[in-house]
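Protein chains: 2
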Amino acid sequence: MSIEQMKKFIEPRSVALFGVSSKRIDENSRNILRNLVSSGYQGRLYPINPNASEILGVKTFPRIADVNDAVDLAIINLPRTQVPGVVKECIEHGVQAIIIATQGFADAVDEEGEQLQREIDNLIENNGARILGPNSLGAANAFTNFSSAYAQLHMKKVPVGLICQTGVLFFEFSETTFIGKAFDLANACDVDFADAMEYFEQDDDTKVVALHIEGVRDGKRFIEAAKRLARRKPVLALKTGRSAYAAEAVQSHTGSLAGKDEVWEVALKNSGIIRVSDIDELADLTRAFSMLSLMKGNRIGVISVSGGLGVVSLDACYKYDLEVARFSPQTIERLKGLMPSWQGVGNPVDIWPACMVLKQPIPHVITEMLDAILSDDGVDAAILVWNIELRRTGANIREAVPKLVETYRDKPLVCCLFGTDTEHVRTKLKKSGAFMTTGTPERAIRALGRVAQYSAFRRSL
Amino acid sequence: MSIEQMKKFIEPRSVALFGVSSKRIDENSRNILRNLVSSGYQGRLYPINPNASEILGVKTFPRIADVNDAVDLAIINLPRTQVPGVVKECIEHGVQAIIIATQGFADAVDEEGEQLQREIDNLIENNGARILGPNSLGAANAFTNFSSAYAQLHMKKVPVGLICQTGVLFFEFSETTFIGKAFDLANACDVDFADAMEYFEQDDDTKVVALHIEGVRDGKRFIEAAKRLARRKPVLALKTGRSAYAAEAVQSHTGSLAGKDEVWEVALKNSGIIRVSDIDELADLTRAFSMLSLMKGNRIGVISVSGGLGVVSLDACYKYDLEVARFSPQTIERLKGLMPSWQGVGNPVDIWPACMVLKQPIPHVITEMLDAILSDDGVDAAILVWNIELRRTGANIREAVPKLVETYRDKPLVCCLFGTDTEHVRTKLKKSGAFMTTGTPERAIRALGRVAQYSAFRRSL
Numbered sequence: 001m002s003i004e005q006m007k008k009f010i011e012p013r014s015v016a017l018f019g020v021s022s023k024r025i026d027e028n029s030r031n032i033l034r035n036l037v038s039s040g041y042q043g044r045l046y047p048i049n050p051n052a053s054e055i056l057g058v059k060t061f062p063r064i065a066d067v068n069d070a071v072d073l074a075i076i077n078l079p080r081t082q083v084p085g086v087v088k089e090c091i092e093h094g095v096q097a098i099i100i101a102t103q104g105f106a107d108a109v110d111e112e113g114e115q116l117q118r119e120i121d122n123l124i125e126n127n128g129a130r131i132l133g134p135n136s137l138g139a140a141n142a143f144t145n146f147s148s149a150y151a152q153l154h155m156k157k158v159p160v161g162l163i164c165q166t167g168v169l170f171f172e173f174s175e176t177t178f179i180g181k182a183f184d185l186a187n188a189c190d191v192d193f194a195d196a197m198e199y200f201e202q203d204d205d206t207k208v209v210a211l212h213i214e215g216v217r218d219g220k221r222f223i224e225a226a227k228r229l230a231r232r233k234p235v236l237a238l239k240t241g242r243s244a245y246a247a248e249a250v251q252s253h254t255g256s257l258a259g260k261d262e263v264w265e266v267a268l269k270n271s272g273i274i275r276v277s278d279i280d281e282l283a284d285l286t287r288a289f290s291m292l293s294l295m296k297g298n299r300i301g302v303i304s305v306s307g308g309l310g311v312v313s314l315d316a317c318y319k320y321d322l323e324v325a326r327f328s329p330q331t332i333e334r335l336k337g338l339m340p341s342w343q344g345v346g347n348p349v350d351i352w353p354a355c356m357v358l359k360q361p362i363p364h365v366i367t368e369m370l371d372a373i374l375s376d377d378g379v380d381a382a383i384l385v386w387n388i389e390l391r392r393t394g395a396n397i398r399e400a401v402p403k404l405v406e407t408y409r410d411k412p413l414v415c416c417l418f419g420t421d422t423e424h425v426r427t428k429l430k431k432s433g434a435f436m437t438t439g440t441p442e443r444a445i446r447a448l449g450r451v452a453q454y455s456a457f458r459r460s461l
Numbered sequence: 462m463s464i465e466q467m468k469k470f471i472e473p474r475s476v477a478l479f480g481v482s483s484k485r486i487d488e489n490s491r492n493i494l495r496n497l498v499s500s501g502y503q504g505r506l507y508p509i510n511p512n513a514s515e516i517l518g519v520k521t522f523p524r525i526a527d528v529n530d531a532v533d534l535a536i537i538n539l540p541r542t543q544v545p546g547v548v549k550e551c552i553e554h555g556v557q558a559i560i561i562a563t564q565g566f567a568d569a570v571d572e573e574g575e576q577l578q579r580e581i582d583n584l585i586e587n588n589g590a591r592i593l594g595p596n597s598l599g600a601a602n603a604f605t606n607f608s609s610a611y612a613q614l615h616m617k618k619v620p621v622g623l624i625c626q627t628g629v630l631f632f633e634f635s636e637t638t639f640i641g642k643a644f645d646l647a648n649a650c651d652v653d654f655a656d657a658m659e660y661f662e663q664d665d666d667t668k669v670v671a672l673h674i675e676g677v678r679d680g681k682r683f684i685e686a687a688k689r690l691a692r693r694k695p696v697l698a699l700k701t702g703r704s705a706y707a708a709e710a711v712q713s714h715t716g717s718l719a720g721k722d723e724v725w726e727v728a729l730k731n732s733g734i735i736r737v738s739d740i741d742e743l744a745d746l747t748r749a750f751s752m753l754s755l756m757k758g759n760r761i762g763v764i765s766v767s768g769g770l771g772v773v774s775l776d777a778c779y780k781y782d783l784e785v786a787r788f789s790p791q792t793i794e795r796l797k798g799l800m801p802s803w804q805g806v807g808n809p810v811d812i813w814p815a816c817m818v819l820k821q822p823i824p825h826v827i828t829e830m831l832d833a834i835l836s837d838d839g840v841d842a843a844i845l846v847w848n849i850e851l852r853r854t855g856a857n858i859r860e861a862v863p864k865l866v867e868t869y870r871d872k873p874l875v876c877c878l879f880g881t882d883t884e885h886v887r888t889k890l891k892k893s894g895a896f897m898t899t900g901t902p903e904r905a906i907r908a909l910g911r912v913a914q915y916s917a918f919r920r921s922l
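Just so you know, the sequences run in chain order A and B.
The first sequence finishes on residue 461 if you use my numbering, and the numbering steps up by one all the way, no holes.
The second sequence finishes on residue 922 if you use my numbering, and the numbering steps up by one all the way, no holes.
Because the hints were derived from the structure by calculation, they are not lab data.
The beta carbon of each residue, even a glycine, is placed where N, CA and C say it ideally should be.
Do not take every clue at face value.
[Claimed, not checked] For lysine to aspartate or glutamate, the following EDC-like pairs were computed, each having C-alpha atoms within a straight-line distance of at most 20 angstroms: (1) B:K681 with B:D722; (2) B:K797 with A:E248; (3) B:K797 with A:E111; (4) A:K156 with A:D261; (5) A:K319 with B:E867; (6) B:K757 with B:D653; (7) B:K780 with A:E399; (8) A:K336 with B:E723; (9) A:K319 with B:D533; (10) A:K336 with B:D722; (11) B:K780 with A:D410; (12) B:K780 with A:D261; (13) B:K668 with B:E472; (14) A:K319 with B:E472; (15) B:K668 with B:D871; (16) B:K780 with A:D280; (17) B:K780 with A:E111; (18) A:K296 with A:E248; (19) A:K319 with B:D571; (20) B:K797 with A:E112; (21) B:K797 with A:D280; (22) A:K336 with B:D571; (23) A:K319 with B:E572; (24) B:K780 with A:E248; (25) B:K820 with B:D838; (26) A:K336 with B:D653.
[To be verified] Some but not every residue of chain A turned toward chain B, in silico, with C-beta under 10 angstroms: (27) D66; (28) N122; (29) F143; (30) N145.
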C-alpha cells in the first residue's frame, strides 16, 4: 500500500463516523465524536446518523452519500450485520480507508461471522479500498489529536509508534503511553504489519516502534518490511501465542495463525527486531529507546545509595551482557576525594558513606559522582540507584540530574528510584526528558542492555 | 541463640540509644529518637548523650552505667573508633543485644576497619552478648511501632518477615512494604540468617519470610534453619552476587563470601526455599503469599477485558507451570448466557463483547463471570485482567470483587489492573485484603505459579 493511503488511516483530514450515538455522551461514556471534539482534532467530521440532525453541535448526515466532500476515512461501529452494507456505501463514495471497530467476524465461532467476513473481503477486492480491523480500535495520532477509538485515550506526543492486535495497548501500562501514533490491526483481515511498518519507516515523528503480534499472514513481506525498518529505528516485538494452548486462543481472538514459536524467534532475530519477554519489558524498552541516545559501547557505571543494590546492579549487568566499567585513575581519584578514607573505590560506587559519614550535602555528592563517571572515557552509560525516602531527596535528584544530561548527551543515564511517593517524583522527572526513570535496578539495566545491543547492531550496518 | 534473645532485638522493652543528636530533629532529618517518639513505640527509651539533659522531652544519660534499669537493646550510631568502647560499656551493663549502625568495619578496605571488627568480636566472646551489624539499620517491628533505623520507615502490620543484608529493603519497592518485621543483618559479624529464621519460625505475626542474601558463614546451619522454616511458612530468597564481579562487590559491601551460584541454586531448592530472580519478583511474591491462600491444584481460570491479554495470560501460564483450567459444562452454559451467541466460550473468557455488544452493566458481568469460574471444581485460582480506563470502572471492581473473595476463600484471586490512575484504585483495593492487585498479567501469573508450587510442596510433606 502507498504511504499516502496509510496516512488516510492515521492522519485523516476528513472522517465519516458510523454508529455514533446521540445519547451516552457524558464524560464517562464511550463516544468517538465526543472524544474527537474534546481532544481538539482539527479535521472535518461527518457523523452518519439518520435519526439526528446534529450531535454535540456537529451536523449529522443520514447517509455517507449525502456528504458533499472527499472523505479520507470511515470508522464503522455498528452491529455486525450492518457492516457490509455500510462498507459498500463507503466504497461507492470513494472512501479508501475504512476502520471496522465491530466485533464478531473472524473472531466469532459462528457461520454468520465467517460469511460476513467473506462479504467484506469481496467488497474491497481490486478497487483500492483498504480495511483496518475488524474488531479494532483503529488508529491514533497524538500529533494531530486524532483517534478512532470509542474509548478516551491519554495520548502524548512521544516518538513511539505502536502496531498491535489488541486495543488494550492503546491504554497505559506501567507509566508508559505507547502512543505517539498507533495502529490496532486486530483481526488484520487486510491492513497488516508490513503496511504499518512501512508507514513508520517514513514517519519523522516516530523514533521507536513497538509491535504486539499474534500472527501474520504474509511472513515474507513481514520480514522484508521489518528488516528495512529495523535498520533505521529500533523495533520491539511482543510475540504472543507461544504455547499450543495460547495459539488456539489467538485463533479465537483475532483469527490469526500464531505460528511456531521457534520460527518466530529466528525470524525476529534475523530481522534485527528486539523480542521482549513481557509487557513490562515492552513498556520499559519503549521508554528507553524514546528517551535515551544510542550507546558507543556497553560499559556501565553504577552509583548506588546502597552497596546491596550496587551488587544487584552488577548481577543484572552480567545477565544482560553489559560490561561493568573499569574507571580511569583520574575518576578513581576524584571519587576518593568525595568518600571516607576507609571506603573502597570501584564500580559500583556506594554514595551513602559520603553523605552519612562525611555529612556532605546529597545533591553535591550525586552531581559530583555522576559527573566523575560520565566524564570517564571508559563509561558508555550510567545508572543512579536512589531511594526517595522523603520528598526532599526527590527534589535533590531533580536539581542534580538534568544539567548532567545536557552535558553528556551521548551517554544514557537511567535513574532507578524506589521508596514512597516515587510516582510523584518520576512524573516530574520524566518532563525533564533525555533520561529515564524506572523502578528496580534490574529493569533499568535490562533496558540499557537492549539499548547497547541495538546500538551494536546499528554500528555493524 | 534463644528466641528470647532474638526478641530483645525486635521486641525490646527498653532501649539505649548512642549517637542521638540534640540537633537535626526536624521532620526531614534522620533521628532515631524522633522516629521512635513519633511512631508511638511504648518501650522505655534511654538516649545516651553527655552533652544534653533531655532531647525531645526524653531524659538523657551521660553513660549507660547511669541508667538504673535493665536494658534489652543498645543501638549504636557513633563514629567507628568509639564503637568498641561503647560495646564494652553495654556488656558491662548487662546488655545482651546490640545493634551497630556505624559503617567502616568489614565493609572497609583499611587496616583500622579490620582491627575494630576484631576488637568487637573479642568483646562478645563467651559472655552471651550478641551483635546485629555493623553497617545495619537493625530491626523493625510494625506490630510494636519499633524501629532502630535512623531513617523514618513506612511500616505496616503485614504478615511479612524480612531478613536482609541491605537496609534499602526497609523501604518500599513497587508498592510493597517488606516490613512487618525485619532484620538487617548487613555485615552479619554475629547474628546471622539462621538466628533470624528461627525467630520467624516461631513468630505468629509472620506468614511469609523474604530473604536478601549476599553470603552466609555457616552454610550447614543456614540450610537446617531454612528447611525447618520452609515447612511451616513460604520462604523467598533473592540471592545476589551471582557473577564473579558481583561477588567481589559483595565482599566490599558486607564482607561476606557470595559462594558459587550453582551451589546456592541447589541449596535453596533443597531447603524448600523459592528463589526469585529480581526485586520485582520478591515484591510480588511477598504480597502474594501474605494475601492469598494456598492452592489445592494448579488450574487457572482467566477472565480478561481483552482477548489479546487473555493470550498473554496463557503464555504466562505455560511459562510458570500452571494449567489452563477446562471449565465444566455447567460453567460453560452459565458463561454462554452472558455472552453474544457468536462468541466462543472457553478459557480465557473475554469480557468485552458482553459489555459492548449486549450492553450489560460491567459490575454485573464481572461478578457473574468470576462467580461462574470460581465455583467450578476444576478451577484452583483465577485472574481478572482489567483496564482502569476511568475511575468509574475502578469503582466497578471495588464493588464486584470483595464479596466473591469472601465466598471463595480457598481460591486465590489476582486482579491485574492497568490503565491510568491504577495506583489510586489499587491502594483502595489493597485494603479489602485477601486478593492481590498487580500490574501485568505476566507478573500476576508468575506470582500464582509460585503459590501453586509452594502449595504442592506443602501437600507433599
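So, going through the hints one by one against the coordinates:
Straight-line distance between C-alpha atoms of B:K681 and B:D722 comes to about 16 angstroms, which keeps the hinted pair within the 20 angstroms bound. For the hint linking B:K797 to A:E248, the alpha-carbon distance of about 19 angstroms falls within 20 angstroms, and the restraint holds. For the hint linking B:K797 to A:E111, the alpha-carbon distance of about 17 angstroms falls within 20 angstroms, and the restraint holds. Among the hinted pairs, A:K156 with A:D261 is inconsistent with the structure: their alpha-carbon atoms are about 33 angstroms apart, more than 20 angstroms.
With a CA separation close to 42 angstroms, the supplied pair A:K319 and B:E867 exceeds the 20 angstroms bound. Restraint check: the Cα-Cα separation between B:K757 and B:D653 comes to about 35 angstroms, which exceeds 20 angstroms; the hinted pair is violated. The straight-line distance between the Cα atoms of B:K780 and A:E399 is roughly 43 angstroms, outside the 20 angstroms bound, and the hint therefore fails. Our distance criterion of 20 angstroms between C-alpha atoms is broken by A:K336 and B:E723, whose separation comes to about 35 angstroms.
Proposed proximity of A:K319 and B:D533 is contradicted: the alpha carbons are some 44 angstroms apart, above 20 angstroms. Between the alpha carbons of A:K336 and B:D722 the distance comes to roughly 32 angstroms, so the proposed pair goes past 20 angstroms and is violated. Of the pairs offered as hints, the one joining B:K780 and A:D410 is violated, with about 37 angstroms between alpha carbons and a cut-off of 20 angstroms exceeded. Restraint check: the Cα-Cα separation between B:K780 and A:D261 comes to about 13 angstroms, which is no more than 20 angstroms; the hinted pair holds.
As the CA atoms of B:K668 and B:E472 are separated by approximately 18 angstroms, the hinted pair is consistent with the 20 angstroms bound. Of the supplied pair hints, the one linking A:K319 and B:E472 is violated, its CA atoms being roughly 40 angstroms apart against a limit of 20 angstroms. Our distance criterion of 20 angstroms between C-alpha atoms is met by B:K668 and B:D871, whose separation comes to about 16 angstroms. For the proposed pair B:K780 and A:D280, the alpha carbon gap of about 16 angstroms is at most 20 angstroms, so the pair holds.
Note on B:K780 and A:E111: the hinted pairing is violated, with a Cα-Cα distance of about 34 angstroms set against a maximum of 20 angstroms. Restraint check for A:K296 and A:E248: not satisfied, since their Cα atoms lie roughly 43 angstroms apart, outside the 20 angstroms limit. In summary, the hint linking A:K319 to B:D571 is not supported, as the alpha carbons are separated by about 32 angstroms, beyond the 20 angstroms threshold. For the hint pairing B:K797 with A:E112, the CA-to-CA distance comes to about 18 angstroms; that is within 20 angstroms, so the pair holds.
Between B:K797 and A:D280 the alpha-carbon distance is near 33 angstroms, which puts this suggested pair outside the 20 angstroms criterion. Between A:K336 and B:D571 the CA atoms are separated by roughly 13 angstroms; this keeps the pair inside 20 angstroms, and the hint holds. A C-alpha spacing of about 34 angstroms is found between A:K319 and B:E572, which places the hinted pair above 20 angstroms, so the restraint is violated. For the hint pairing B:K780 with A:E248, the CA-to-CA distance comes to about 16 angstroms; that is within 20 angstroms, so the pair holds.
For a cut-off of 20 angstroms, the pair hint linking B:K820 to B:D838 is broken: about 30 angstroms separates their Cα positions. Proposed proximity of A:K336 and B:D653 is contradicted: the alpha carbons are some 32 angstroms apart, above 20 angstroms. Here the hint on A:D66 is broken, as its CB sits about 28 angstroms from the closest CB of chain B, past 10 angstroms. Against a cut-off of 10 angstroms between C-beta atoms, the interface hint on A:N122 is violated, since the closest Cβ of chain B lies about 20 angstroms away.
Hint status for A:F143: violated, given a least beta-carbon distance of 20 angstroms to chain B, over 10 angstroms. Annotation: interface hint on A:N145 violated; nearest CB of chain B at approximately 17 angstroms, more than 10 angstroms.
In this structure, the earlier hints numbered 4, 5, 6, 7, 8, 9, 10, 11, 14, 17, 18, 19, 21, 23, 25, 26, 27, 28, 29, 30 are contradicted, and the remaining ones agree with it.
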